[in-house]
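S.K.: Residue strings, one per chain:
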Amino acid sequence: DAGVIQSPRHEVTEMGQEVTLRCKPISGHNSLFWYRQTMMRGLELLIYFNNNVPIDDSGMPEDRFSAKMPNASFSTLKIQPSEPRDSAVYFCASSLWDRAGYEQYFGPGTRLTVT
Amino acid sequence: TQLLEQSPQFLSIQEGENLTVYCNSSSVFSSLQWYRQEPGEGPVLLVTVVTGGEVKKLKRLTFQFGDARKDSSLHITAAQPGDTGLYLCAGETGTYKYIFGTGTRLKVLA
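Protein chains in written order, with the numbering used here: chain C, 1382 to 1496; chain Z, 322 to 431.
Hints are computed from structural coordinates only; laboratory data are not their basis. Accuracy of the hints is not assured; some may be wrong.
[Unchecked claim] Listed next, the in silico SDA-like pairs over lysine to any residue satisfying Cα-Cα at most 25 Å (straight line):
id	chain 1	residue 1	chain 2	residue 2
1	Z	K391	C	F1446
2	Z	K418	C	P1451
3	Z	K418	C	F1446
4	Z	K418	C	Q1398
5	Z	K418	C	E1399
6	C	K1449	Z	E413
7	Z	K418	C	P1462
8	C	K1405	Z	V429
9	Z	K377	Z	P402
10	C	K1405	Z	L366
11	C	K1459	Z	L379
12	Z	K428	C	G1440
13	Z	K391	C	L1427
14	C	K1405	Z	K428
15	Z	K428	Z	D388
16	Z	K380	C	V1434
17	Z	K428	C	P1489
18	Z	K418	C	V1393
19	Z	K377	C	I1386
20	C	K1449	Z	P402
21	Z	K428	C	R1422
22	C	K1459	Z	V429
23	C	K1405	Z	P402
24	Z	K428	C	W1478
25	Z	K418	C	W1478
26	Z	K377	Z	V429
27	Z	K418	C	E1395
28	Z	K418	C	E1425
29	Z	K418	C	I1407
30	C	K1449	Z	K377
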């Protein structure tokens, strides 16, 4: 079975450009999470969805960040305009959210570099 | 703000040695998980502990959840180079949402 799929794996862009990261969760999972990982701040939860509905976006750093989940098999995280401090590895994770202690399955991540 | 502090931050040991990694918070968690992350990959779940005082074993790895559900430890016996990686604890905040610890980067030398 395919795991969580993220694209692109690497993205290099210039400051001010729009960046769109994509995620395909595991089929049958009902929850999707977007995380950002940096050396300084570790792994931070940005936003998560349950049954395609955003539940908590309190981790989204600024209005420049937006996330959508139009259906159960696809989600995007958009940064517009991008800034150098957005450089990080962005992970998408999915899970079957049915009880406490559920397992999150992480994708391989997208390494974003903003110059 | 809930914080999960892990110690040590970095650990470099020889193959065959034992080690313990700690995960501490002032907050109570519904459950706590441990993940291992290798370079270029996402974290992979090792274990979930739910009950205060719970101990779980996974081959050479032993995980314990504190009695008050505020802290946890991971003990590795006879470490091997394959154990090398970033170890992350994650506490469930009660809303099916996890916050991740600061991480312990382990390197096991052959």
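S.K.: Would the hint linking K1405/C and V429/Z be met if the CA-CA limit is 25 Å?
M.R.: 34 Å, violated
S.K.: With the threshold set at 25 Å, check whether the alpha-carbon distance from K1405/C to L366/Z stays at or below it.
M.R.: 19 Å, holds
S.K.: Take the C-alpha atoms of K418/Z and E1395/C, compute the straight-line distance between them, and say whether it is at most 25 Å.
M.R.: 33 Å, violated
S.K.: CA of K391/Z to CA of F1446/C, is that 25 Å or under?
M.R.: 32 Å, violated
S.K.: Given the hint that K377/Z pairs with I1386/C, test it: the Cα-Cα distance must not exceed 25 Å.
M.R.: This hinted pair is violated, its Cα atoms lying about 31 Å apart.
S.K.: Measure nothing beyond the straight line between the CA atoms of K418/Z and P1451/C; if it is 25 Å or shorter, mark the hint as holding.
M.R.: 21 Å, holds
S.K.: Is the Cα-Cα distance between K428/Z and W1478/C 25 Å or less?
M.R.: 33 Å, violated
S.K.: Given the hinted pair K428/Z and G1440/C, is their alpha-carbon gap at most 25 Å?
M.R.: 31 Å, violated
S.K.: Quick one, are K418/Z and E1399/C close enough, alpha carbons at most 25 Å?
M.R.: The given pair, whose Cα atoms are some 28 Å apart, is violated under the 25 Å limit.
S.K.: Taking 25 Å as the top limit, are the C-alpha atoms of K418/Z and F1446/C close enough?
M.R.: The given pair, whose Cα atoms are some 20 Å apart, holds under the 25 Å limit.
S.K.: Assess, step by step, whether the Cα of K377/Z is no farther than 25 Å from the Cα of P402/Z, and give holds or violated.
M.R.: 22 Å, holds
S.K.: Does K377/Z pair with V429/Z here, judged by a C-alpha cut-off of 25 Å?
M.R.: 22 Å, holds
Hint violations for this structure: numbers 1, 4, 5, 7, 8, 11, 12, 14, 15, 16, 18, 19, 20, 22, 23, 24, 27, 30, all remaining hints satisfied.
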